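So the sequences go chain by chain: P and A. Numbered per my numbering, the first sequence spans residues 420 to 724. Numbered per my numbering, the second sequence spans residues 412 to 635.
In short, the hints are calculated from the structure, not lab data. Since the structure is predicted, the reported quantities are computational estimates derived from the model, not experimental observations. Misleading hints may appear alongside valid ones.
Simulated restraints, written as ranges between beta carbons of each label pair [said to hold, decoys possible]: (1) A:T548 x P:G671: 54 to 60 Å; (2) P:L692 x A:P487: 42 to 48 Å; (3) A:N474 x P:A715: 31 to 37 Å; (4) A:N474 x P:H425: 25 to 31 Å; (5) A:T548 x P:A442: 22 to 28 Å.
Facing chain P, according to a computed beta carbon distance under 7 Å, are these residues of chain A, among others [said to hold, decoys possible]: (6) I462; (7) P486; (8) R489; (9) K500; (10) P514; (11) I517; (12) G519.
C-beta: ideal position from N, C-alpha, C; glycine also.
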Amino acid sequence: MYALRHYFGLHRANFVGAIMRIAGQPFASATTILVIAIALALPAGLRVAVNNAAVLSETWQSVADFSVYLKLDVSADAARRTARTIEARDDVAGVTVIDRDAALAEFRERSGFGDALDALDGNPLPHSLLVRPASGIAGDVEALATAVRALPEVELVQIDTAWVTRLRAILALAGRFVDLATVLVGFAVAVVVGNTIRLEINSRSVEIEVTKLVGGTDGFIRRPFLYLGLCYGLAGALVAAAVVAVGLLLLGSPVRTLAALYGSGFALRGLSLAETGLLLAGGALLGWAGAGLAAARHLRAIEPR
Amino acid sequence: MIRFENVYKRYTGGREALSGVTFNIEPGEFVFLTGPSGAGKSTLLKLVALIERPTRGTVLVNNQNTTRISRRKIPPFRQRLGIVFQDHKLLYDRSVFDNVALPLVIAGASRREIEKRVRAALDQVGLRGRESHAPITLSTGEQQRVGIARAVAPRPEVLIADEPTGNLDPELSLEIMELFTRFNEVGVTLLIATHDLELIERMPSRRIRLVAGQVAGDSGAEKA
Chain P
420 MYALRHYFGL
430 HRANFVGAIM
440 RIAGQPFASA
450 TTILVIAIAL
460 ALPAGLRVAV
470 NNAAVLSETW
480 QSVADFSVYL
490 KLDVSADAAR
500 RTARTIEARD
510 DVAGVTVIDR
520 DAALAEFRER
530 SGFGDALDAL
540 DGNPLPHSLL
550 VRPASGIAGD
560 VEALATAVRA
570 LPEVELVQID
580 TAWVTRLRAI
590 LALAGRFVDL
600 ATVLVGFAVA
610 VVVGNTIRLE
620 INSRSVEIEV
630 TKLVGGTDGF
640 IRRPFLYLGL
650 CYGLAGALVA
660 AAVVAVGLLL
670 LGSPVRTLAA
680 LYGSGFALRG
690 LSLAETGLLL
700 AGGALLGWAG
710 AGLAAARHLR
720 AIEPR
Chain A
412 MIRFENVYKR
422 YTGGREALSG
432 VTFNIEPGEF
442 VFLTGPSGAG
452 KSTLLKLVAL
462 IERPTRGTVL
472 VNNQNTTRIS
482 RRKIPPFRQR
492 LGIVFQDHKL
502 LYDRSVFDNV
512 ALPLVIAGAS
522 RREIEKRVRA
532 ALDQVGLRGR
542 ESHAPITLST
552 GEQQRVGIAR
562 AVAPRPEVLI
572 ADEPTGNLDP
582 ELSLEIMELF
592 TRFNEVGVTL
602 LIATHDLELI
612 ERMPSRRIRL
622 VAGQVAGDSG
632 AEKA
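Using the sequences and the accompanying hints, generate a full structural model.
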């Protein structure tokens, strides 16, 4: 029991000592922490961007609406019956019938091909349906389209979800890219901390030598440096989280304005609590690991002579 | 307590610092290690503290064969040994108290135990009440006494010192020697390297004289 208390007492002393040491040389510490923070803010910021893009692509569910062109010989009544059949499905939110005459009138008005249309005898347009899939079936729009295509009255289903699918694929790729960047940046942070700890070890070689002379174990000597690394990593991660938060704050207002122009209530989301926790824990762990590597390499070299 | 059996130490480059040194120091003895500079006194003490290892021969300390002590076992070995250095080897970024407390912290003593022992050690060397001072504000002699307090605070059975009075004037040197004598009176085994023959002239202690890496004289050889 006592040994345990002593052990934790040492750890607390090392932790406090590390904070004091960082505070004791504010300029050098700030430089190191800022480098770590910028490095960590990069993947954290990218992660936020990808997350937001993913959320945005979800809100674009309505773009998954697709058009169903019926056969030319299908009557208006038959078209409405078909619409009701489709509407009865679970994965369909609603179906709008577009009458062929209304469609022709609109086309004439908007396309500027009015004269050309006059040259045709009769209405070349069929009745068509605008199908809005139920939300949350993003992946199954294709299946719905296939089912609709199988109906006898249907001539053509024109589905334009391909770009949404592509966007999702791009987002998945971007997510993977962020993962990769995170790993690389993680290495960089460990190296930065390791280098700082190496300098610290060199500047404290007398202390290390004396401690070894009076019987300090490797663990006892290593621990203050590990805590120093941990504090650097943790402080860097905290600043990185703050950088991301400030960035979101600065972008928040213009994004809301832009979203409003598109009639969307979309608002930027920051790092979730879990992601913030992961960032802080990751920073601390990388600092610890970097310090551990430096300590393993350089502490042994300092032996009493 | 400290036993050398035909010990050789050759440094890379071929210089032989010790050539067949044999002696035995019993528990509670007070021994001076004398001889001219370069005779191998420092090397001999380094072998005792496992700062270096012998090229050949056996060094026993506290009945432990030091050649069998692995690198990982050196720290606990050194915790049982008090070492005093000519240049004190104090840490100047912390207080006198923290300097003396260092070996106790390493050994895992409780806060109360540490405070008690640091005060006792500083009291013994005549520096009571200077706990919070910075070592740099103390005189050389006082700094050396802080170094001695640090060495004796964990109550080692063996105390070794390499030229502990090397930088001190005769009066301070004598004080330090009297300090060592008091430790010896409570049972600590001491091995002190010094070239200051004048200083130890009046002391009745055993002398092992090294010349060119060999024992050239041992006033207590009959005991070995």
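Evaluated hints:
1. A:T548 x P:G671: 54 to 60 Å: holds (57 Å)
2. P:L692 x A:P487: 42 to 48 Å: holds (46 Å)
3. A:N474 x P:A715: 31 to 37 Å: holds (34 Å)
4. A:N474 x P:H425: 25 to 31 Å: holds (28 Å)
5. A:T548 x P:A442: 22 to 28 Å: holds (24 Å)
6. I462: holds (5 Å)
7. P486: holds (4 Å)
8. R489: Check passed: Cβ of R489 (chain A) comes within 4 Å of chain P, closer than 7 Å.
9. K500: Hint on K500 (chain A): holds, closest Cβ of chain P at ~5 Å, below 7 Å.
10. P514: holds (4 Å)
11. I517: holds (5 Å)
12. G519: holds (5 Å)
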